[in-house]
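Novice: The residues making up each chain are set out below.
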Amino acid sequence: MSSWDDDDSAAAAATDVELLKRAWRNEKAAPEILRFDSPLVSRVREQIQLLEETLDDFADSGVDDLVVSLYQMDLDRTLFLLRSYLRLRLQKIEKYTMHISRSDDLLSRLSQQERRFAKSCAEIMEKHLEQSVLSKLPYGYDSVTRQSLSSTEDDMVPEPQLDTFVFCKTKSDVGAFQLDDIGEEVVDLVADDLYVLRYKSIKGLVEGGRIDLI
Amino acid sequence: MAGQSDPHLSIFSPSEVEFVAEDEIVEIVPNIRMDALNMICGDFGPFFPQIPTKVPLWLAVALKKRSKCTIRTPDWMTVDRLTQVLEAERESPREFQPLPFHYIEISKLLFDDARDDISDAYLVRSLIEDIRDVRFHKVETGLETISGRTHAVKLKNLSAMEVNIVRPFMVRTLQAFYKHDSPQMIQQADNTGSRATPVTDRGPRRDLRRR
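If you read the protein sequences in the order shown, they are chains D and Z. Residue numbers for the first sequence follow the UniProt record's numbering, so the first one is 1 and each next one is one higher. Residue numbers for the second sequence follow the UniProt record's numbering, so the first one is 1 and each next one is one higher.
Please note: incorrect hints may appear among the correct ones.
Derived DSS-like pairs: lysine-lysine, alpha-carbon spacing no greater than 27 Å straight-line [said to hold, decoys possible]:
#1 Lys171/D with Lys65/Z
#2 Lys54/Z with Lys203/D
#3 Lys95/D with Lys127/D
#4 Lys21/D with Lys179/Z
#5 Lys169/D with Lys203/D
#6 Lys154/Z with Lys28/D
#7 Lys21/D with Lys54/Z
#8 Lys127/D with Lys171/D
#9 Lys138/Z with Lys68/Z
#10 Lys203/D with Lys154/Z
#11 Lys28/D with Lys108/Z
#12 Lys119/D with Lys28/D
#13 Lys127/D with Lys169/D
#14 Lys95/D with Lys65/Z
#15 Lys119/D with Lys95/D
#16 Lys136/D with Lys28/D
#17 Lys200/D with Lys54/Z
#18 Lys171/D with Lys136/D
To spell it out: a stretch of chain D is covered by chain Z in this simulated footprint if at least three of its residues, at any positions, have a beta carbon under 8 Å from a beta carbon of chain Z; those stretches are [what the hints assert, rightly or not]:
#19 45 to 59
#20 77 to 83
#21 96 to 104
#22 109 to 123
#23 135 to 141
#24 188 to 199
For the record, the hints were derived by calculation from the structure and aren't laboratory data. Glycine is no exception: its CB is placed at the ideal position from the N, C-alpha and C atoms.
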């Protein structure tokens, strides 16, 4: 399909900063945690480190102040994007720690360090809840994940609301797209137009990189 | 458990919207000589006096603040062009005119730090404010048409800052309609046939409020 070729060449042309910006925006707008872009983050980290070393050299070799400050700005901007991206994810992990821990699919979206963080977050929270509240509740009501023994499922685990509405733009025409299960809601998605849609309907397109969240 | 989703995670602050806008490319005319800059975000330069060069807006503003360049007014930010846009906005009550996605942020940054580089700056500024008003009025009018039948909204040509301003309200509104209307929706068969604009309608329903 020629549209896939266009996507590939467009992706190849985008700088890592643009890719990081896109990942950051998507992560900010999406209600659930998205897949960690490990190669991108490694590359950005390398470039940041390289620039930091270069700036140290500049300071020693007496390069013009103006040039140093411009590079410093570039460094600061990139650092901001990276830090914000990582912090957003940590916030989501903290918020939905139980929910993420019990889903292999969601755990697979985390980086190794995030997985360790999620695990210890869950342990700490569980311990805290047990010690401060649950151990004092009567038997049958002292589970962390269920309200009572009569609950049929884990109903005390906060979950992200996947059917929240998000603003999005598609990079290339998607054409008629079905929003719901029954086939009653069909939207024609045109490239570069802005839409407000339910996140759940376009989840797949976001994961595939064909739609950007704004 | 009952409760709405936490909107806080997905809110962009105006500074964050401006941050994204600062990567937009503008043209500068440097008055100094400087080697090429090989930055993480891209390569720019080399810079020669009086030779126009394209750089990101944040870099342009940094240089301008240190009096190392002038910034060339973007083509869309002239009195003629903006007057055309304003007229077109006023004449088409349901459409937004194409404008750069970050037109509000770009114009604000240029007015703050490079006003002397913009010809007829005062007039340009008031035109942009008028355009913003007309457009936002359209957004508000459009919000009134959201109903239980709205399963998607198309906002062609809306700009970044306008999106950010309207986002919290629109998301909560759509969410509330979706939550309260959805169970009845599923039971109702689609007996309206095909529609020309499937975006705004999902079946016959009584409007709670008639305008």
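Novice: If a hint holds in the structure, say so; if it does not, say that too.
Specialist: Verification of the hints:
{"no.": "1", "hint": "Lys171/D with Lys65/Z", "in the structure": "violated (35 Å)"}
{"no.": "2", "hint": "Lys54/Z with Lys203/D", "in the structure": "violated (37 Å)"}
{"no.": "3", "hint": "Lys95/D with Lys127/D", "in the structure": "holds (16 Å)"}
{"no.": "4", "hint": "Lys21/D with Lys179/Z", "in the structure": "violated (32 Å)"}
{"no.": "5", "hint": "Lys169/D with Lys203/D", "in the structure": "holds (13 Å)"}
{"no.": "6", "hint": "Lys154/Z with Lys28/D", "in the structure": "holds (21 Å)"}
{"no.": "7", "hint": "Lys21/D with Lys54/Z", "in the structure": "holds (21 Å)"}
{"no.": "8", "hint": "Lys127/D with Lys171/D", "in the structure": "violated (46 Å)"}
{"no.": "9", "hint": "Lys138/Z with Lys68/Z", "in the structure": "violated (41 Å)"}
{"no.": "10", "hint": "Lys203/D with Lys154/Z", "in the structure": "holds (18 Å)"}
{"no.": "11", "hint": "Lys28/D with Lys108/Z", "in the structure": "holds (24 Å)"}
{"no.": "12", "hint": "Lys119/D with Lys28/D", "in the structure": "holds (23 Å)"}
{"no.": "13", "hint": "Lys127/D with Lys169/D", "in the structure": "violated (43 Å)"}
{"no.": "14", "hint": "Lys95/D with Lys65/Z", "in the structure": "violated (42 Å)"}
{"no.": "15", "hint": "Lys119/D with Lys95/D", "in the structure": "holds (13 Å)"}
{"no.": "16", "hint": "Lys136/D with Lys28/D", "in the structure": "violated (38 Å)"}
{"no.": "17", "hint": "Lys200/D with Lys54/Z", "in the structure": "violated (40 Å)"}
{"no.": "18", "hint": "Lys171/D with Lys136/D", "in the structure": "violated (55 Å)"}
{"no.": "19", "hint": "45 to 59", "in the structure": "holds (count 3)"}
{"no.": "20", "hint": "77 to 83", "in the structure": "holds (count 3)"}
{"no.": "21", "hint": "96 to 104", "in the structure": "violated (count 0)"}
{"no.": "22", "hint": "109 to 123", "in the structure": "violated (count 0)"}
{"no.": "23", "hint": "135 to 141", "in the structure": "violated (count 0)"}
{"no.": "24", "hint": "188 to 199", "in the structure": "holds (count 7)"}
Comparing the model with each earlier hint shows violations of hints 1, 2, 4, 8, 9, 13, 14, 16, 17, 18, 21, 22 and 23; every other hint is respected.
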